[in-house]
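Let chain A serve as the given structure and place chain B on it in line with the hints.
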Amino acid sequence: MSHTTTLLTGKSRAPFGPMRTRRAEALGAWTLLVPYTLLFLVGAAIPIGYAFVTALQKAPTPVDPTGGFGGLQSFVTVFTDHRFWNTFQNIFVVMIIWLPIMVLGIVGLALLLHASPSRFGGAMRFIYYIPGALGGIANFVLWVYLIDPQRSPIAFLWQGMGANSFKEVITAGNMPGILTAMLFFQGVGTWIIVVNGGLNGISEEVLEAARLDGANAWQLAWNVKLPIIRPWIGYAALMNVAYGFQLFLEPYLLRQISSGAVSPEWAPTQLGYAFAFTNRDFPAAAAMSIVLLAITLAIGWVIVRKSGMFGDEKETA
Amino acid sequence: MTKKLMAAGGTTLVAALALAGCAGGGSQGGDPPAQTDSGGPITVWVDPPRVPAAEAFTEAHPDIEIEITQIDGTVGGQTVRQAFANFDTAGEGWPDAIFFPTNDDIAWATSSTSNYAADLTDLMSEVIEGYDEAVLSFCEIDGQIRCLRNDAAPDVLWYDEVFFEENGYEVPTTWEGYADLAVTIAEEHPGKISGMLGDAYAVNRYLQAANCPTNERVSETEARIDLSAEGCGKMVDLLSQMQEADALSNQGIFDGDAAEAGQNMVMSPGAAWWGNYLYRDTWGVEAGRISATTPLAWEGDSEPTTGNEGGGLWGLSSHITGEQLENAITFLEFVATDPAWQVELSTGLPGYGPVQDEWLEQVATDDYFADIEGSQTAFKESLGYVAPYDYMMYDTGSVWTQTVPPTLIGGGSIEDAIAAFGEELTNQAESVGYTITQ
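So the protein sequences, as listed, match chains A and B.
Numbering-wise (full-length UniProt numbering), the first sequence opens with residue 1 and increments by one.
Numbering-wise (full-length UniProt numbering), the second sequence opens with residue 1 and increments by one.
Isolated chain B (complex conformation):
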């Protein structure tokens, strides 16, 4: 019986070796597939918050047939990536335009093994001119513009104006001042917190804002990850100070059970979209309490340095041509620039410059923030203070959520958590093929 099995196994192995020797490497290794023009409806993939954008397009352009597919919008989710790996292997099936659920997705979508996202530099040059260079820098890869920002998501400093006034606190202007005040608030008002560490964007909120090289693209195959760099150490010290004083929560902004923590968060760096999307719509903080102010600066620096949380990316298929391409470009232009979506329906500050003022006026109409004018100024000013950051093939936010909160919950220190984060980040980066430089 055993001999028969061994013989069968041996035969299978020999057959497999023979077949493998004959087989090609699949479409990934061959010539790029020819561009197609179906002439029919265009297919767009959007996450749930972007469904209204696609629906607004159907209303504005009834002449263009469109098929809307709602995709998993989980930041760091794998389902879209999985679908594209299959499409790339099969050489067909891609959507004509997409809202990437995770910004890191642009890294694989522009890699030489996928090459899904079209170069928009010439295709949409007029639209590109409307963007602030800093805002669109996330889409510039090797000199080509490979996506359009849906919204700009620079971090500002959010604070509870009513709480600050009641207790006579002054809004900090520096990172060091923010940490000191967070400790004071936690001591004087146990339960009140000044930040959350448990979500994928905490990396941007804190480490990007400290110019800590977690995501520095040297080339398509080289990444710089150096958590021993000066900026990282500065931020780790501040976070340790706050963590020890119970001024930070291990929960994340997207956690389903974070509403209570959100309502107790009296200040935090956070993206421009936090105000409407998180404080108002998700956590239900009453109107007239929350305001945004200018991002924090490091002591001794003349200008603030801040992170960027999301600010989604629209991509266009490189596999289409003719009428299909024209219609997909019309769609992309609409969702990136048209006030029907960007002003009237979007909760975030538009990435496209010419409609930003209209959106800021809408903020006044909403009458949600305690200091409307100050918030408007903060949103606009913060655009230029965002620290450099590259989207990579490894998912930094996902590495953060699986290392930092569990370490802290297990009783580890911030130093332990960041060390675990750095180790796993390097491992993940190497496993997707990057050579790491420091």
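With the rest of the complex left out, here is chain A:
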């Protein structure tokens, strides 16, 4: 109420200045918002809505080729599928191994870099970033070479483990390790730069004050820098969790090079793909994508709240 009064008061006292400013601000806000909103609608909101609609359809089958409204049957299909829990088990095992290594690696290396602002630090920054430059397929091709027990520079490692062919390296037991290595080197360089950005934002006075209080490098990192960059770490964790749940390319291609030794439905996204294109059940594929969306949103929500990624969440965290 008081807010309205102030506005009205302002309007009556200065009819042109603030009004113009507000209009300009509104115009600017809309100009900035429209491209994102359009992209969000086309790339996210409409597909999600379409997925909901599709998930509630009935899939035609050879027995009953008619379509129509199917209620929640596609969700029942997804949850009762014999591969459903296996795919999540696979992804959870990878996450449990990869995520802590990834987050520790990102934070540890970023702190090391930040503590070494000399030429050496600059050189290391470049070296750490190199794997990050090898995105997607390029990173995969590099790893295909590294895990080849006949040609790899670390072939002795594979052969020492008794593996002489791709099939013997790419086993169910080795999959989490191989994927952890692939994902770590693919992402760590980029995330070091992001977290380093956070570290660079820390005021020099704060660091100087801590030093004057007698903090050594370790105490400075643990007690001062880490709490300040917590939102950046949270953001890195969030994006990596989201990426982990969407793993598709790596297991799909590992299956190709191991001549089918890896299940075509190894990851949840692959199961969604199989529902659509092997089972010809698009409603089940849509239901699977909604399940994944719900999981990643829930995990994202927890991380956002706990890390205080956004200012207004800090107090509730």
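Honestly, I wouldn't trust all of these hints.
[As the list claims (entries may be wrong)] Not the full set, but computed from the structure, chain A residues with beta-carbon under 7 Å of chain B:
{"hint": "1", "residue": "S165"}
{"hint": "2", "residue": "E168"}
{"hint": "3", "residue": "T171"}
No wet-lab data here; the hints were simulated from the structure.
Glycine included, C-beta positions come from ideal geometry on N, C-alpha and C.
Structure of chain B alone, referenced to chain A:
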């Protein structure tokens, strides 16, 4: 904040329910799309080894415009299947003719939800007459011929004649004799193997040859899978015996790193195309060593029983008519029957009978096999010994590669591996909608 989110979620769900109630089931559930005639170029999809076939057609028929699309030829690959699922949903986009990368593809291509592959029974009756019934049996679905075989791929017994002569081994004629000799060779020549278990065709090589019901089509929605049947048990016993003696490799014939294993494989059941395509072109085994002989029989049987590995399938679109259809039929007839492809360029024994002798003569000209005449006889004889097998909506070979080699590599026995295979096979079959009978 939470209440707002819940409200937004609830609104979305209600809207989705309303929309879903109004929406139709897509083209898959509606009437079949009308047949079209573009009158323009025909589009054909071929895997890499079949590109020369399409190119030979352009040379032989310059009057017909053709657009060649090279597709992923991986056996068990999903990309073609994915494209067709989209075409079937959209009601357009199909190629006019295709070489299916996996033979199982004919199952979805003829299912009531796709119905892509045209019934060729009347459209190409004269060509069909040229095929041996056994060869074309893989294309006969509910009394209709829905595809044409590119090549016949019956399994023969391949052996290294030089190695056999040097060591005084006699070529086996029975499955039991093959297993015994494999064990002997592995003991006397460690490193020499008598078979590979790691590829999608190993199912056909061993279980089909034992009449083990992994792929028995009872109807469009019923499948018979029974790995406890007698034939399965017989073969599992033989494979166990060989596996324990290190006579088999866990690698597959298509593995990129299998050349060494291939060169050490001194005998194995394998398709007629193995000789040129695998031994000569892929593994680089020198000329004058390898020969094919008559497939193996089970002790007590009067005739051999053998599997079939591939022998690709050509399909024609059911969605075209008029000039487009005529041109696509001309293409299909060429790739299935014309010596310009089937004799001069193809590495496999033609499925089409009238050109088989010409191809066999070409084998003599190549001068690769140690026993040319014996190999020629084996190729031709084996055609009639292939055990029945149906192509299904589930991909048997893919189930094999993801269960059997990993189990064996993990230290499991053949029995464990086949049990895992059987369990996953049943699961996959049920997940695509089959009711399983035993």
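Here's how the hints hold up against the structure:
The interface hint given for S165 of chain A holds, since its Cβ lies 5 Å from the closest Cβ of chain B, which is under the 7 Å cut-off. With 7 Å as the threshold, the beta carbon of E168 of chain A comes within range of chain B, its nearest partner Cβ sitting at about 5 Å, so the hint holds. The criterion of a C-beta within 7 Å of any C-beta in chain B is met by T171 of chain A, whose closest approach is roughly 6 Å, and the hint holds.
Of the numbered hints stated above, none is contradicted by the structure.
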